[in-house]
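Residue numbers (the numbering used here), protein chains in the order written: chain A, 1 to 112; chain B, 1001 to 1112.
Watch out, some of these pointers could steer you wrong.
Below are the SDA-like pairs computed for lysine to any residue, each with C-alpha atoms no more than 20 Å apart in a straight line [said to hold, decoys possible]:
1. A:K37 x B:D1038
2. A:K54 x A:S74
3. A:K54 x B:Q1006
4. A:K37 x B:P1061
Keep in mind that the hints were calculated from the coordinates and are not lab data.
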Amino acid sequence: DQQVKQNSPSLSVQEGRISILNCDYTNSMFDYFLWYKKYPAEGPTFLISISSIKDKNEDGRFTVFLNKSAKHLSLHIVPSQPGDSAVYFCAARSYTGNQFYFGTGTSLTVIP
Amino acid sequence: DVKVTQSSRYLVKRTGEKVFLECVQDMDHENMFWYRQDPGLGLRLIYFSYDVKMKEKGDIPEGYSVSREKKERFSLILESASTNQTSMYLCASSLLGNYGYTFGSGTRLTVV
């Protein structure tokens, strides 16, 4: 059973606009969340994280929002750039667990 | 620059062959992981290890085994390769506190 879900397999956005990628989880024990970015034929690279004690974390053009009551997190990219075109995975971990659980990914295309 | 290195970027093997995928990290990380990535299924954990000679099954261990004889090296073994094991295989490592993974570049395995 998928504990972390990304319900949008793909997203297209114009350059300069905001990209919003969504992620839902089912396990209320999850306390730490990550976003990874993956280009074809490469391994995922870490983008941004958020702990459950926060509801927002910002790093340059990237902001992650966490809504614990809704078990939902989102990644905002603003402004979007063509180089942001990639697959984005969210991941979650519980404080008792050894592993991160990954979503199925959202393929973002930023149109110049 | 810290690294997770996977020995092959692309492999083509025949059905029934024994296949070894090698992963080496130079960060002195305790945890190491093997995932496979398939379209629409995201990243699925095959096996992980939190110490030398220790291993734990992930979500999809069937048809695979692993070996961790040294801290820096984690090998994935396909005992008898089958076509449904055609996939992108990703190795990752993390510190014991597990605040995020560093991934290798991946191995694209095709079983014919």
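Hints versus structure:
1. Restraint check for K37 of chain A and D1038 of chain B: the C-alpha separation of about 16 Å stays at or below 20 Å, so the hint holds.
2. For the hint linking K54 of chain A to S74 of chain A, the alpha-carbon distance of about 13 Å falls within 20 Å, and the restraint holds.
3. A threshold of 20 Å between alpha carbons decides the hint, and for K54 of chain A with Q1006 of chain B the separation of about 35 Å lies outside it, so the pair is violated.
4. In summary, the hint linking K37 of chain A to P1061 of chain B is not supported, as the alpha carbons are separated by about 25 Å, beyond the 20 Å threshold.
Violation of the numbered hints given earlier is confined to hints 3 and 4; the remaining hints are satisfied by the structure.
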